[in-house]
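**Student:** Take the sequence shown: its letter number 248 is residue 248 in UniProt numbering, and every next letter is one higher.
Honestly, the hints are just simulated from the structure, not real lab data.
Keep in mind that a hint or two might mislead.
[Stated by the list, open to error] Across the chosen pairs, the derived CB separations fall in these ranges: (1) G692 - C601: 52 to 58 Å; (2) P669 - Q374: 30 to 36 Å; (3) L624 - S163: 54 to 60 Å; (4) T529 - P599: 51 to 57 Å.
[Unchecked claim] With a straight-line cut-off of 30 Å between C-alpha atoms, the simulated DSBU-like cross-links for lysine-lysine are: (5) K551 - K638; (6) K551 - K156; (7) K640 - K191; (8) K291 - K191; (9) K638 - K191; (10) K191 - K143; (11) K143 - K156; (12) K291 - K640; (13) K620 - K551; (14) K156 - K638; (15) K620 - K640; (16) K620 - K191; (17) K620 - K156; (18) K638 - K620; (19) K291 - K156; (20) K191 - K156; (21) K551 - K291; (22) K640 - K551.
Think of the CB as a built atom: it goes at the ideal place given N, C-alpha and C, for glycine as much as any other residue.
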Amino acid sequence: MSSTPQPDPSTDYYSVALIGSSGGGTATLGHTNPIELLTTIHNELMRIRDVDDESRTAVKPKPHRRRVCLGLSHAIFVSLCDGGGFDSIGEEGWNPNDDDIDRRCDVKKDRGPQAVLFTVGFSSNEPAQCVDMDEQFRVHLMKRGPLSKINALVQKLDNALASRIQCQHSMPMERSSQNYSIRAIISLSSKPSLHHSFLSAASQNVLPVAGSGGTSLGILASRYDLKIVGNSGGSVASTTLTKARGWARGLAVEWGMEYDVNYDSSVYSSKEDCENGVERNDGVNALPSLKSILEAALPSFLCVSVALRLLSLWFVGDASEEEGSCSNVLMQSQQSIRTLEYALRHFALGTACCVLSAMSRCKNDSATQSSGDQSTLLLAAVVAGVITSASASVSAHATVCGGGSALAGLVAGACIPPIMSRISDFCIRYHVTATMTNILLGGGVGIVVGIFMHLSGAAYALGIATGVIRCLMRWKRVAVSNGKGIQSPIHTILSALSYLQEYSSNIAKLPRIGFFYCSSFLLPTRVSTEFLPVPIGMGFLYGVLFVYGSKIGFYHSIFLPLILLEMDCSNDASLFGAIDECALVMVCAGICAGNLIVPPCSKEGRGGAGHNSLSWKALKTNILCGDFIEAAYPYMEKSKLINISSYIAAGLSCEILMQRRVLGSAYLPLPLVIWLSNDRLGICAASGIAFGVCFMSTVISNMYMW
């Protein structure tokens with residue numbers, strides 16, 4: 001058990017303050033368990049150690065003071081009770097609501113959803129007062145209520161934390177009564193307006209920032225000129241441990257210290273929940289939504305898409321080697337490639353989503369569950385996922401639009417934990433042996449759920465729904481294969497959709513309407529029985545909607561789930577994925593590149609440390625990782641020229657993508673996106689336009705301060 005050391009006059013004690021919330025799209029992997037989240041971050045920060053004397057260079061002639069990192073000294077963290085994200089909450093729900101003001105106005109203003117405030121380093125009796133670090137790290141549940149009231153208390157805590165920083169930097173460490181000094185900030189999807197006092201004090205004292213939540217980090221760097229360090233930025237489908245290790249290492253480098261991954265910094269035991277002020281059955285650890293679980297499966301979707309692309313090239317290479325030869329070796333090689341391709345398309349994603357859904361929807365109580373319980377859950381999820389995926393794969397052959405297994409896997413996985421809980425209670429009540437209990441749970445539950453998904457037609461219907469969504473997104477015709485093997489209600493719905501598509505296609509052929517479907521070199525209209533004609537300007541509208549929607553929280557709630565469903569059970573990438581890459585990633589890259597060439601004006605003049613670190617980190621992340629698009633938002637809000645040009649760049653690039661039916665994906669290096677695309681000329685042209693327009697407008701805006 002780690003404890004705070006006794007103050008030593010010859011030692012500098014470093015600590016970190018954390019502010020933020022459970023966020024929007026990344027509210028799944030760890031953020032729905034705030035105690036585990038804060039404890040994991042604290043543990044990784046405790047691994048930061050001072051470098052040895054022998055490893056220091058001769059640049060510093062004076063003997064250095066020993067330095068020790070004490071982890072998190074203060075934390076202000078807000079989480080929604082329902083486990084959802086903050087994307088869809090309006091500004092009215094965010095506005096703080098003070099009880100004293102309400103009493104004077106005699107009006108009840110409990111705005112916003114129910115939320116919970118967790119703190120570290122604040123007094124339980126007087127919330128607006130900071131306290132020194134205890135011998136043991138503790139997370140306190142300070143208040144539960146409407147978000148507006150929670151935010152009012154957050155502002156009081158923020159003012160107290162700001163006073164703490166101003167006090168510690170106005171007095172030498174050896175004279176201060178404090179036994180540590182806050183030397184850095186971790187921001188987790190924070191609301192900068194709620195933490196203005198603390199961030200202003202941090203800016204005056206030049207504290208580095210690590211964390212996640214691209215929008216908030218962009219505001220912190222641009223408005224408060226705070227330096228971004230570590231792997232801060234993109235955090236979609238990442239885990240708490242992955243992010244915490246990157247933040248700890250980044251802060252260690254910034255402080256001139258080292259991150260020791262082998263150091264045992266465990267400070268938490270589930271038995272201390274009651275001491276921390278939290279009961280395991282108090283409903284704080286809310287279950288994530290299926291949408292959030294689907295987004296957490298993003299790595300599987302991307303890697304399966306790349307693997308299918310490689311297999312398609314491999315198959316073409318084998319087929320063209322000896323044109324007249326039909327040797328057994330060649331035939332067996334082709335057959336094995338087809339088998340592997342079929343498994344990746346129809347089984348891999350459905351099974352992965354089923355396992356992830358079962359693990360995420362399980363109410364994990366570490367005090368009562370062991371690794372054996374988790375392995376039993378995995379067994380049931382894998383069995384159910386395979387059966388459900390096999391059932392859903394039938395939908396891929398029933399219609400021309402294909403099918404998908406991800407949705408069916410998510411539903412099957414969500415059904416497993418409650419069924420396992422009831423069967424486990426039954427076995428305990430009737431004294432069933434442990435071996436038989438595990439057989440029923442690990443094998444029986446998975447088979448029952450899988451067979452139910454098959455016999456009920458749920459897996460088949462969800463597969464058909466995925467295929468229809470893919471067709472509508474790609475402006476592709478929904479065609480039914482003579483109605484064979486299709487259930488009558490589904491057949492009726494598909495026939496109605498097919499009729500509406502045919503009707504709209506006939507309207508497009510009218511002489512007066514056909515003008516809006518013209519063709520050119522960069523915009524070749526496909527005349528095919530497979531695709532519907534796309535009117536000129538529809539792609540521009542898509543690009544504008546993507547840019548605007550990403551600012552108001554539509555990306556994680558609408559766009560990203562649609563991208564994943566489009567990629568499910570498909571040999572290709574995604575049309576919406578290509579729009580994501582050009583309209584968001586390349587637009588951000590152009591803006592950040594322009595800021596590096598001509599830095600924007602800051603309070604201290606051009607080129608503050610916050611602007612430079614944000615632009616450089618975002619540009620690298622955009623090109624090499626296809627992420628961290630939120631870094632451009634502060635500059636878009638600051639300059640009307642940059643804001644307007646971003647919409648124009650997104651619209652022009654997406655018009656090319658729509659007319660040429662270009663497929664691609666974000667979250668990958670740009671060269672890999674070009675290789676993965678079905679139209680490399682189209683993706684290069686669209687990316688170049690998005691980057692170039694935003695780059696030039698940013699340079700002009702920064703030069704003339706427009």
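**Student:** Each hint should be assessed against the structure and marked as holding or not.
**Tutor:** For each hint, the structure was consulted:
no., hint, in the structure
1, G692 - C601: 52 to 58 Å, "23 Å, violated"
2, P669 - Q374: 30 to 36 Å, "34 Å, holds"
3, L624 - S163: 54 to 60 Å, "41 Å, violated"
4, T529 - P599: 51 to 57 Å, "54 Å, holds"
5, K551 - K638, "14 Å, holds"
6, K551 - K156, "28 Å, holds"
7, K640 - K191, "23 Å, holds"
8, K291 - K191, "23 Å, holds"
9, K638 - K191, "18 Å, holds"
10, K191 - K143, "18 Å, holds"
11, K143 - K156, "13 Å, holds"
12, K291 - K640, "34 Å, violated"
13, K620 - K551, "21 Å, holds"
14, K156 - K638, "29 Å, holds"
15, K620 - K640, "25 Å, holds"
16, K620 - K191, "25 Å, holds"
17, K620 - K156, "37 Å, violated"
18, K638 - K620, "22 Å, holds"
19, K291 - K156, "34 Å, violated"
20, K191 - K156, "14 Å, holds"
21, K551 - K291, "19 Å, holds"
22, K640 - K551, "15 Å, holds"
Comparing the model with each numbered hint stated earlier shows that hints 1, 3, 12, 17, 19 do not hold.
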